[in-house]
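Asker: Could you put together the complete structure from these sequences and hints?
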Amino acid sequence: MRFYIILGKLLRALARLRGGGSALPGMVIEKLCPDFLSKMLLQLPLGVAVITGTNGKTTTTRIASALLESQNLRVFTNPTGSNFTRGVISAILEKADCKGNLPYDIAILELDEAYAVHFANKVQPEYSLHLNVMRDQLDRFGEIDNTQRMLYSLAERTTKKIVLNSEDYRIMKSTDAAKQEVDVSYFSLAPELKALFPTDDELYDDTLTKQSVISQNTQIQSKTRNNSQKLSKTLTVNATTLLSFTDSSATYLLNGESIDVKLKVRGLYNIYNVAAALQLVNAILDGDFDKNSLISALENVTPAFGRGEKITLNNGAELELVLVKNPSGFRLALESFENSNADDKTQVMIAISDEYADGRDMSWLWDVDFTPLHNENTTVSLVSGTRAYDMALRLMYDLITPTWINDDIKSALSTFTSDAQNAPINRIYCTYTAMLKIRSELAKVTEIQESGLK
Amino acid sequence: MSERKITIVHLYPRSMNIYGDAGNVLAVKRRLEWYGYTPKIVSHNETNVFPSECDILIGGGGQDSGQLKIMQDLQIIAPKLQELAENGTPQLMVCGLYQLYGLYFKTYEDNFLDGIGVFDIYTLGKTTRLIGNITTESDRFGKIVGYENHSGQTFFDGKKTLPLAKVLNGVGNNETDKTEGAIYKNTIGTYLHGSILPKNPAICDFLIEQATINKYGEFAPTSKIPAHVLKTTENARKVAFDLPR
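Protein chains in written order, with the working numbering: chain V, 1 to 454; chain X, 455 to 699.
It is possible that part of the hints are untrue.
DSBU-like, lysine-lysine: derived pairs with alpha carbons at most 30 Å apart [claimed, not checked]: (1) V:345 with X:685; (2) X:580 with V:410; (3) X:580 with V:122; (4) X:523 with V:325; (5) X:685 with V:437; (6) V:173 with X:523; (7) X:632 with X:669; (8) X:483 with V:325.
The hints are simulated quantities; they were obtained by calculation from the structure and are not laboratory data.
Answerer: Next comes the structure, spelled out in C-alpha cells:
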C-alpha cells in the first residue's frame, strides 16, 4: 500500500503542477492496484456509508458529515460532486499519510447510481442511504427502471443498515433486497406534506393538478403544526419524518421525539434531505448521540456549492448559483426560488451545456415548466451555454423572450454581472459544466469558496 | 366557427412519457395558436374511454414497464387508431409507441408484444442501446435533427410503409439499412427525441396543415410564427447539426 500511496501522491503533485485534473492519479492507481479502495477503507472502524440517488446527494452528504462530526467523529468524505470511484481514490491519496494510514472513523461517500454499484462490487458498504429515483441523464442509464435496479443491487451489497425514502416507491422496492441481518429504516413525510413532493410519475401525470405546489404551502404548514402532536404517536419509530417547515426552519420527528431547527439550507428537497441525513446518522450511531450538538451542527450547515450558493461581486451585487441537471430538479428549483421572493426584482441567466456530465439529450428541457419565470418582476436577461439556442427556443414556447442569447459563457457572464446592481436578486441556473466555467470566471474577479473540483 | 378548434389527443401521457414528449404536444399547441387556431389538448390514459374528437394524435416513448401497462388498452383502441390512420388523421408516434404501431415487438428474451399494425414494420430487442445525436434527411421534410435512445431495432416488412428519412449521421431504425422512422398516409413514426417537433417545424406544420385541411377544408393561418421564434429555431438547428454523435 505504501508504494501506491507514495506513487499516487507524486502523481497528484505532478498533475497539480501542470494545472491538470484530480481524476488522473485515481485512474492510474485504480488500474495498478484494483483492491486499493477496499484495503484503504477497511481500516475505518465504523466503516463506509454510501449516499446515492438522483437529487440531493451533495447536500445530504454535507449535512450527514457535519452531524457525525458534531459527535466528535472524524469523517472522511469525497469532495463535492466528484462522485466517481476514481474521485474517491484521489481523495484517499490526499488524506492518507505516507505509511498508508487513513486517520478517520468513518467514510461518508456520495456516489452516482451507476458508480455506487461499481463501488459496492469492490467494497461492500456497511450503510447505504437511498434518496430518490428521478429521470436524469437517460442517455447514460437508458431507463429510470434501470436506475432503480442499480439501487436494488446496492441494497443487496449493504452489510449493516439501509435507509430508504419511504415516499418513493422505486426506492421502496429495495426493501426486498436487504439481507436478513440488515436493518432497514426510513425517512418520510407527514401525510399533509406529501402533495409538495411529487414522485417522478406524478411529475409527468397531467391528470394531477398543475397548480403551483408552493402556493399551497402556508395552509399546509399551519395544518401540520396542529397535528404534529397526534402524528408523533402514529408514525413508526424506525423513520425520521419531516413534520412541517417554513422558509427558514423545520420540525422533524426523530426517534419519536419532535425537534425544531433553524436551517440555512434552502429549497424544499434540501429540507426533506435533512430528514434523510438525520436518519442515516441515527442508524450509524444506534440512536446514541448528543442531541444539542447535533441540532447546533444542523443549524450551521450552509448550502453546498451551486445549491443556492451566494457570491458577492466586486460591484457589491449578489449572485446566486443554482445547479440544474434534470427536469424534476429544475422544476423544483424554479418553484422554490422564484416563489420565495416573488416581490423582488429578479434578473435571471440560464446556462445549458451538453457535455457528458450535463446530459447530452436536450429533451429534458421540454419536461420543465418554465412559467414560474413568467412574472412581472422577473427578467430572463441572458441565455447561454453550448445549447443556448435550444434553451431560448424552449422559453419562447412558454412565451418568455430572453433579452440576450449568447452561447459564449464568458462574455454572457460579463454582460450579466455588469448589469447586476440593477436588481436585488441575480440568479444563474446552470448545468454542471456550465457551472464549472462560471465559477472559474468568477474566481478571476471575486473571492469564491473552493469547490473541491478541478 | 370563428374559434376554429383543433383537438390534440395525447396518447398515454401517464405511462409513455420517457423524455420530452410533452414538448411535441406543446409545439403543436403553441404553433396552432400562432397560426390563429384554438387548440384543445385531451389526454388518453389506459384507464379512459378514447376521446370522441381527435384531429391530431401524439404519442411518446415509454420504458418497458410503461409499455406493459398500456398493452391491453392499446389492443382495445386499436380499431379506432387504425381507422384514424386510414382516414388520414395526422399522427406522430415517437420511440415506444412507434414500435407498437408496427406488427410486433420481439424482446431480447423472445417475448412477443403485439403491435397494432398501422405500419408494416417489426422490431427486435437487442442488447446494445443506440444512443446519441442523429441527423436524417427526408424528401418531404428536409433535414431532421434529434437524439435517439433505443435498444429495439426496427425493420420493414412490406411495401405499404415507407421510411420517414435516410440517416445522415447516427443509426436510426436499425444498424443495417440507414433508414429512420416510418410514414403511412399522415401517420409518422420516429425514434427521434429532442423534442422532435420544436426543432423540426416542417414536421409540426405538416401535422397542423393536415389537421386543418381534414377539418376545415383548408389551412388558413390568420397570423404568423413570431420572427424571434423562427430565428432561434434556425440557430438551434444549426448548432444541433454540427454536434458529434
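Asker: Name the hints, by number, that the structure is in violation of.
Answerer: Hints 2, 7 not satisfied by this model.
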